[in-house]
Amino acid sequence: MSLITVQLGQCGNQIGYELFDVICNDLHSNGLCPQKENGLYQAASKERFFDEHKSGDFVSRAVLLDMEPKVISQTLSMAANSHKWRYSEKSQFSQKQGSGNNWANGYYVHGPKYKDCILNLVRKEAEKCDRLGGFITIMSMAGGTGSGMGTFITRCLRDIYPNSLLLNEVIWPYGTGEVIVQNYNSILTLSNLYQSSDALLVHENDILHKVCSQRMNIKQISFRDINKVIAHQLGSVFQPAYTADGASHYSRNPLGELMESLVPHPEFKMLGLRNIPQMSEHSLAYSTFTWHGLLKHLRQMLIANAKMEEGINWQVQLPSEVTTRRNFLTADLQFNKSVANLAIFRGKDTESASPQGFRDPALYTSWLSPDNSFSVWKTPRSFNKYEKSATLMSNSQGLLKPLDSIVGKAWNMFASRAYVHQYTKYGMEEEDFLQGFTTLEQIISSYSTL
Amino acid sequence: MTQSIVVQVGQCGNQIGCRFWDLALREHAAVNKKGIYDEALCSFFRNTNSRADAGGADVQRGRICSLKARAVIIDMEEGVVNEILQGPLRDLFDSAQFITDVSGSGNNWAVGHKLYGGQYRDQIVEKLRRTAEQCDCLQCFFVIHSMGGGTGSGLGTFVLNILEDEFPEVYRFVTSVYPSAEDDVITSPYNSVLAMRELTEHADCVLPIENQSLVDIVNKINQMTNCGKLGAVKPNSLVTSNIGGVKESEKPFDAMNNIVANLLLNLTSSARFEGPLNMDLNEITMNLVPFPHLHYLTSSLTPLYTLADVNVPTRRLDQMFSDAFNKDHQLIRADPKHSLYLACALMVRGNVHISDLRRNIERLV
Ligand SMILES: Nc1nc2c(ncn2[C@@H]2O[C@H](COP(=O)(O)OP(=O)(O)OP(=O)(O)O)[C@@H](O)[C@H]2O)c(=O)[nH]1
Ligand SMILES: Nc1nc2c(ncn2[C@@H]2O[C@H](COP(=O)(O)OP(=O)(O)OP(=O)(O)O)[C@@H](O)[C@H]2O)c(=O)[nH]1
Ligand SMILES: [Mg+2]
Ligand SMILES: [Mg+2]
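These protein sequence lines are chains L and D, in that order.
Mapping the first sequence onto my numbering, position 5 (from 1) lands on 983, and the numbers just tick up by one.
Mapping the second sequence onto my numbering, position 244 (from 1) lands on 387, and the numbers just tick up by one.
Hints were generated in silico from the structure; no laboratory data involved.
Accuracy of the hints is not assured; some may be wrong.
In silico SDA-like pairs for lysine to any residue, Cα to Cα no more than 20 Å straight-line [said to hold, decoys possible]:
| # | chain 1 | residue 1 | chain 2 | residue 2 |
| --- | --- | --- | --- | --- |
| 1 | L | K1106 | L | F1267 |
| 2 | L | K1188 | D | R506 |
| 3 | L | K1197 | D | R189 |
| 4 | D | K211 | D | D308 |
| 5 | L | K1379 | L | K1197 |
| 6 | D | K470 | D | I497 |
| 7 | L | K1188 | D | S442 |
| 8 | D | K270 | D | D327 |
| 9 | L | K1403 | D | K394 |
| 10 | L | K1106 | L | C1002 |
| 11 | L | K1403 | L | A1393 |
| 12 | L | K1403 | D | F310 |
| 13 | L | K1403 | D | T457 |
| 14 | L | K1188 | D | K480 |
| 15 | D | K480 | D | I497 |
| 16 | L | K1403 | L | V1087 |
| 17 | L | K1197 | L | M1257 |
| 18 | L | K1188 | D | E417 |
| 19 | L | K1024 | L | A1104 |
| 20 | L | K1024 | L | Q1052 |
| 21 | L | K1188 | D | Q146 |
| 22 | L | K1074 | D | Q146 |
| 23 | D | K394 | D | D308 |
| 24 | L | K1197 | D | S498 |
| 25 | D | K480 | D | S442 |
| 26 | L | K1197 | L | I1185 |
| 27 | L | K1074 | D | E417 |
| 28 | L | K1188 | D | I497 |
| 29 | L | K1326 | L | F1267 |
| 30 | L | K1403 | D | C348 |
| 31 | L | K1403 | D | L507 |
| 32 | L | K1403 | D | F416 |
| 33 | L | K1074 | D | K394 |
| 34 | L | K1106 | L | D1094 |
| 35 | L | K1197 | D | K480 |
| 36 | L | K1197 | D | R502 |
| 37 | L | K1387 | D | D327 |
| 38 | L | K1106 | L | V1087 |
| 39 | L | K1188 | D | T457 |
| 40 | L | K1315 | L | I1422 |
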């Protein structure tokens, strides 16, 4: 099954490049596993992400879209210079000037104007797949192209491919000091994507930045460093894995199985991701891990809503675990409740990795049976230089705080109608903002009352 | 990539314009050693070499000779324009780009706006259209003028009206030089007020520059140069410096005008060159203009003088971020510490990492 990646705007294109680069490098490594296993893995990975030309070239299954030319031309040449893989020359579309951080410009102007051309590129890419498994779009929420046009294109994909799955990778802006209108753009993106996407997988720049500085020990952090972390996270989900115990072949429908595991109800489709371990190659060489230790940490990261393995609050506990009096006091610390979780284990001795701790019904909302709330994927094949690695994808309350913050800031601005004229200029109405707010309030309330 | 056109009006506009073109060439020469007509050059320059399909340009003795500035040059007297035509930058322009008269507007806004406006309207429209037709995606007009005289102030704002009528889709950024308190033009307060009404109505964004601020900055830099306190700032990277340009002899306003030219170059650099977090010109108004008509953007530049603690790169960088909010670095006489910002953008050029930005944003917010 093949996946088509749609890279949108500066952010989407820069991340898309790193994703294919990580996948391609991983695909060509020995993966610390038997050759036969590695062969199966490589074949499955290749089918998902690359079209292998007769010449032996690996051509990524991607469509590159931006409203300005600089980022795409840079991205194309970086891929070509890797000499391992490249983009297809024909699957890119760019224009002369960006959307100027204006969601309305992307959604109401650029989207409709270039729709036919773009969908044509997507269709051609889809025709190259023997079996199309769905679309992954990568976009930021803060700008104008990724967010506005990305939302529009998602809607079009939904109309044209009603039976294909759509996962939107959304890059959450830094909380402060970025695009001034980012909260408006984010509200409009999230509320509209919620209508057409199957799920939104959120990547928070603030957290990724911390991962780079605290876990990877990078002193001078660039977007490339941050994007490599995202690429690693995405790869750890989408590289092949066995989705059922004793399965004889790698999952043929990763997006489908992912949605089935994580999105049981259309009201809940905001996904977050945690992975462990995360460290520089240098430290990795001096570390050993046990599955027991890794999973213990990963579980507490989930419960305490820690998004990386640094600074986990071990005081937060499930109510069922609160036994002693001392713990009783800390029971007030709210734990992070989930709708569903999916754990993915890769590497050595995965058979000894026991996910029992994630099956505790207390972790989950009561309206879904615990059996349906948790799934595990595994492969003995290691990923991206990590001998063992675990990834947890969650549909949980973990994003309430950033959501609340965006809605709050956007409301503050909207109260004085600041910047609204910039949007109405491109055909939006105040009513559209209000609808966005209502949709998000609804999402927040649903997750809060899990 | 997009293109921009500079419309320079009146003595001040043209003198600043001249410095802009000189420094723009210097900037491109520094990064474009082979003299290739690339996308970055294309934003302010057109290539008249007809064989230029493969990015070729006439290169003679290491200089591209086939470049023409995307500019419309307007003055109602001939002095400054003649200097351009006889000066080292003359090859950058052809006669079709000029509009001149002989008598000037006599520091009278009404003469510039009403009299010459009516008289020259058709010519101005015609030249603007021609220049616009040479662009394949025209994004922005940069109007440069002074507020205090008659031509720049009066005719300059008349041009702004024309631009709005003829090119409603194209952004109008206006660089306006405000007179200093002891300005020698007696009518400059009238002219400024009359011009300002037009700027409020018809510009997308105005970058007000106060001559007194430019004078203060120049004086401070000279003072520091004279007593050898410049520290890490090299003489030829001073914002006031002509070094590296084609012009060796300095005229009175040159140092001041170089500051303005640098402001415009820095403002547009992210749209012209590649970077990990690009900024397009349309993002400026989108983020900095929260309400219609509130489009006056004050600016500051840094580094200008010496930077403390030159040996620690991060400290030096952090100092730059602080200086951007220091009153001695503003291009109008205002103290940010005692003012309220509606919105504010930091544009960073050079070897700066996202982590440097984050560190400083967290420090300053
Ligand atoms: N993680 C990450 N974030 C990025 C990157 N590039 C931009 N961003 C974020 O994306 C947001 C800005 O959106 P862009 O992707 O630059 O905007 P765009 O989609 O190109 O839209 P316009 O430029 O407005 O046409 C900000 O929140 C940035 O922090 C990147 O390479 N990695
Ligand atoms: N910064 C700077 N200010 C200048 C320059 N030339 C003139 N000025 C200022 O501009 C104002 C006078 O306007 P000018 O631009 O000389 O007048 P004009 O637009 O040519 O109009 P008329 O001479 O009346 O036809 C005064 O405030 C001067 O201080 C210059 O080269 N640089
Ligand atoms: Mg962009
Ligand atoms: Mg004059």
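Against the structure, the hints come out as follows:
no.: 1; hint: L:K1106 <-> L:F1267; in the structure: violated, 41 Å
no.: 2; hint: L:K1188 <-> D:R506; in the structure: holds, 16 Å
no.: 3; hint: L:K1197 <-> D:R189; in the structure: violated, 42 Å
no.: 4; hint: D:K211 <-> D:D308; in the structure: violated, 26 Å
no.: 5; hint: L:K1379 <-> L:K1197; in the structure: violated, 28 Å
no.: 6; hint: D:K470 <-> D:I497; in the structure: violated, 26 Å
no.: 7; hint: L:K1188 <-> D:S442; in the structure: violated, 32 Å
no.: 8; hint: D:K270 <-> D:D327; in the structure: violated, 32 Å
no.: 9; hint: L:K1403 <-> D:K394; in the structure: violated, 45 Å
no.: 10; hint: L:K1106 <-> L:C1002; in the structure: holds, 19 Å
no.: 11; hint: L:K1403 <-> L:A1393; in the structure: holds, 19 Å
no.: 12; hint: L:K1403 <-> D:F310; in the structure: holds, 16 Å
no.: 13; hint: L:K1403 <-> D:T457; in the structure: violated, 42 Å
no.: 14; hint: L:K1188 <-> D:K480; in the structure: violated, 31 Å
no.: 15; hint: D:K480 <-> D:I497; in the structure: violated, 25 Å
no.: 16; hint: L:K1403 <-> L:V1087; in the structure: holds, 11 Å
no.: 17; hint: L:K1197 <-> L:M1257; in the structure: holds, 14 Å
no.: 18; hint: L:K1188 <-> D:E417; in the structure: violated, 26 Å
no.: 19; hint: L:K1024 <-> L:A1104; in the structure: holds, 15 Å
no.: 20; hint: L:K1024 <-> L:Q1052; in the structure: violated, 24 Å
no.: 21; hint: L:K1188 <-> D:Q146; in the structure: violated, 38 Å
no.: 22; hint: L:K1074 <-> D:Q146; in the structure: holds, 9 Å
no.: 23; hint: D:K394 <-> D:D308; in the structure: violated, 37 Å
no.: 24; hint: L:K1197 <-> D:S498; in the structure: holds, 8 Å
no.: 25; hint: D:K480 <-> D:S442; in the structure: holds, 14 Å
no.: 26; hint: L:K1197 <-> L:I1185; in the structure: holds, 16 Å
no.: 27; hint: L:K1074 <-> D:E417; in the structure: holds, 14 Å
no.: 28; hint: L:K1188 <-> D:I497; in the structure: holds, 12 Å
no.: 29; hint: L:K1326 <-> L:F1267; in the structure: holds, 10 Å
no.: 30; hint: L:K1403 <-> D:C348; in the structure: holds, 16 Å
no.: 31; hint: L:K1403 <-> D:L507; in the structure: violated, 32 Å
no.: 32; hint: L:K1403 <-> D:F416; in the structure: violated, 28 Å
no.: 33; hint: L:K1074 <-> D:K394; in the structure: violated, 39 Å
no.: 34; hint: L:K1106 <-> L:D1094; in the structure: holds, 19 Å
no.: 35; hint: L:K1197 <-> D:K480; in the structure: violated, 31 Å
no.: 36; hint: L:K1197 <-> D:R502; in the structure: holds, 12 Å
no.: 37; hint: L:K1387 <-> D:D327; in the structure: violated, 48 Å
no.: 38; hint: L:K1106 <-> L:V1087; in the structure: violated, 30 Å
no.: 39; hint: L:K1188 <-> D:T457; in the structure: holds, 19 Å
no.: 40; hint: L:K1315 <-> L:I1422; in the structure: holds, 13 Å
Checked against the numbered hints above, the structure violates hints 1, 3, 4, 5, 6, 7, 8, 9, 13, 14, 15, 18, 20, 21, 23, 31, 32, 33, 35, 37, 38; every other hint is satisfied.
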